[in-house]
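Protein sequence lines correspond, in order, to chains G and X.
Its first residue numbered 1, the first sequence is counted upward by one per residue in the working numbering.
Its first residue numbered 1, the second sequence is counted upward by one per residue in the working numbering.
Note that these hints are calculated values from the structure, not bench results.
Heads up, a few of these hints could be off.
[Claimed, not checked] Cut-off 30 Å, straight-line C-alpha distance, at most; resulting in silico cross-link-like pairs (DSS-like, lysine-lysine):
(1) Lys169/G <-> Lys271/X
(2) Lys421/X <-> Lys169/G
(3) Lys232/X <-> Lys100/G
(4) Lys156/G <-> Lys147/X
(5) Lys186/X <-> Lys156/G
(6) Lys169/G <-> Lys164/X
(7) Lys186/X <-> Lys103/G
(8) Lys347/X <-> Lys106/G
(9) Lys156/G <-> Lys152/X
(10) Lys169/G <-> Lys88/X
(11) Lys106/G <-> Lys167/X
(12) Lys169/G <-> Lys290/X
(13) Lys100/G <-> Lys169/G
[To be verified] Between beta-carbon pairs, the in silico distance windows are:
(14) Ala63/G <-> Val168/X: 27 to 37 Å
(15) Pro86/G <-> Arg334/X: 18 to 28 Å
(16) Leu139/G <-> Ser301/X: 20 to 30 Å
(17) Ser62/G <-> Lys290/X: 29 to 39 Å
(18) Tyr79/G <-> Glu189/X: 50 to 60 Å
(19) Lys156/G <-> Ser222/X: 43 to 53 Å
(20) Glu269/X <-> Lys103/G: 25 to 35 Å
(21) Ala357/X <-> Tyr79/G: 29 to 39 Å
(22) Asp120/X <-> Leu160/G: 57 to 67 Å
Yeah, the Cβ is synthetic: ideal placement off N, Cα and C, and Gly gets one too.
Spelled out, the chains give:
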Amino acid sequence: MKRLMFAVVTAVLLSACGSAVKLDNVPVEDKSGGANSTNAGAAGMNTAVGKGGVAGVDLSQSARDDAMRATNRIVYFDYDSYVIRPEFQSVLEAHARFIKSDKNRKVVLEGHTDERGGREYNLALGQKRAEAVRRAIVLLGVADNQLEAVSFGKEKPAALGGSEADMEKNRRAEISYR
Amino acid sequence: MNKFLLGFLLGFLSLNVSAQFRVEVSGVGLTQLPIAVVTFRGDDASPQKIGSIVLSDLERSGQFRAVDTGGILLDEVARPEFSNWRQKGADALVTGSVTKLADGRFDVRFRLWDAVRGLDLGAHSYAVSASELRLVAHRVADFVYEKLTGDKGVFSTRIAYVSKVGKVYNLWVADADGENALSALKSTEPIISPSWAPNGSDLAYVSFESRKPEIWVRDVASVKPRLLASFKGSNSAPAWSPDGKMLAVTLTRDGGSQLYLIDARGGAEPKRLAQSSSIDTEPTFTSDGKTIYFVSDRGGSPQIYRMPSVGGNPERVTFSGTYNISPTVSADGRWLAYISRVSGAFKLHIMDLASGAVNAITDTSADENPSFSPNSRLLIYATQQQGREALMTTTVDGRIKARLAGQNGDIREPDWGPMQK
């Protein structure tokens, strides 16, 4: 019984520690060479400020966009499908939180397909993928006017080569901070 | 299929039209008129070999078979020995000359003979600059073709297509034989779906230079581009109405790829053509302007439909196969060409619109983007051969094919321009 209590308490403490560290999936980058520059208007962004060499986070918009660009911003799809697989829900949630934090930020969702099939029909399929992501992000509370869904069809593959693995990498929607 | 292979082996012919371009014609046609086109007197001093350009054109049409002339020179004045030509198997004969004039231009003359009846079927002369010599040769071929088949020739028409070399895309305007290509647009972003206006000088296309697909129109003479459609989302698949006043396009501004009509001058609000919760795209007008064929997956997979161009209920047109796209209708209204996926291969098909009968007419497996010649006799399409993208022309029955090779890199997205006025 004691062991169980200990395990429970440990688990609770650990989970509490976990949520304090989570920073909306944004990697903390030292952009300003060590100075602790913070932006008081940065709603929704936790900062770990302290003594002893903890680097601050540059919270200007372009730096935050850069940070978001560096994170996972690609959703992959099955062949002939525009259904968002459950494993990408956390990616969408992270970006939705980020986009909501600044009502002026415009984000473009870019849909792509693999190389099989006609160019115009693939443009339309890519559009479906971009719009699936757009709908999912809107459902997470982002304003519709912050998002535009466009398609590149099969024109901009991420992986050339034609293997099944390459084609998987091309069936995607990308969240683009322009 | 075996018949075609046999024909391919029997009829393979390779012509060197110029150092840069090679036109390979293959196949055996059903009825081909045997014709001899001699070397024109003065050809050796001419920048363009008129006789061989004429012969290439006629062979590519699929309706003529070349008779070996043995290299003989005959000008338009000489009266041929018809029995000799009949013995060689020729039903018709073209003779001519090219003479350089004092002012630097060239005097091109030809005469067409009926070798069977020994008749003079007509003659013409042209005075042109060196840069117009190829066009003159095409006009000679048009004359011969029309006189002997009764159909209008398409040898003086132009094609548009896109090439990709590394990261550089070019939109090319070339003669129907692929020669004289001039770049109308160079870009590091993709260009797709070029579409000739009925006036033969405006070209609509889709560009990704703004990092989303937009429809532009460019006058190929003045190279001055005009942004026609950049609505929210993606803008693509431009198709001109036969009167040149409107374009049917695919827009996603209301969510989802849907068909709209827009004014060719731009500015006005687009008019929605059809409503569906599926993908509607690739609209194309029939030559009488009354019907629009398009692709829709409203039935679960992409199929070809048609509807009145003024709006109305769509009617499904393709029923075999689960993936039918890229429709285009011949100007005479007889044929629908499209791409159908068959066991994973993308193949050009032709449907006889009166009977509904369908034929696959290629033996390649990555066909794209068919476009009819304006006389309804030929198609140009993109395909892959030996791992490289190439443009091909074919007769509607698939018997005679020609490869337009020569541009570096991958070439795709062809569109056949209208008759020259």
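The hints, checked one at a time:
1. Lys169/G <-> Lys271/X: With Cα atoms ~37 Å apart, Lys169/G and Lys271/X exceed 30 Å; violated.
2. Lys421/X <-> Lys169/G: violated (49 Å)
3. Lys232/X <-> Lys100/G: Given that 30 Å is the threshold and the Cα spacing comes to 21 Å, the pair holds.
4. Lys156/G <-> Lys147/X: violated (48 Å)
5. Lys186/X <-> Lys156/G: holds (17 Å)
6. Lys169/G <-> Lys164/X: This hinted pair holds, its Cα atoms lying about 22 Å apart.
7. Lys186/X <-> Lys103/G: violated (37 Å)
8. Lys347/X <-> Lys106/G: Roughly 41 Å between the alpha carbons, so the hint for Lys347/X and Lys106/G is violated.
9. Lys156/G <-> Lys152/X: violated (41 Å)
10. Lys169/G <-> Lys88/X: Given pair Lys169/G, Lys88/X is violated - Cα atoms ~61 Å apart, limit 30 Å.
11. Lys106/G <-> Lys167/X: Roughly 28 Å separates the two Cα atoms, so the pair holds.
12. Lys169/G <-> Lys290/X: violated (43 Å)
13. Lys100/G <-> Lys169/G: Cα-Cα ~28 Å, so holds.
14. Ala63/G <-> Val168/X: 27 to 37 Å: holds (33 Å)
15. Pro86/G <-> Arg334/X: 18 to 28 Å: Violated - the Cβ-Cβ distance for Pro86/G and Arg334/X, about 51 Å, lies outside 18 to 28 Å.
16. Leu139/G <-> Ser301/X: 20 to 30 Å: At roughly 28 Å between Cβ atoms, Ser301/X and Leu139/G fall inside 20 to 30 Å, so the hint holds.
17. Ser62/G <-> Lys290/X: 29 to 39 Å: violated (54 Å)
18. Tyr79/G <-> Glu189/X: 50 to 60 Å: violated (26 Å)
19. Lys156/G <-> Ser222/X: 43 to 53 Å: violated (30 Å)
20. Glu269/X <-> Lys103/G: 25 to 35 Å: Distance hint for Glu269/X, Lys103/G holds at roughly 29 Å.
21. Ala357/X <-> Tyr79/G: 29 to 39 Å: holds (32 Å)
22. Asp120/X <-> Leu160/G: 57 to 67 Å: Given about 59 Å between the Cβ atoms, the range holds.
In summary, the structure is inconsistent with hints 1, 2, 4, 7, 8, 9, 10, 12, 15, 17, 18 and 19 from the numbered list given earlier, while agreeing with the others.
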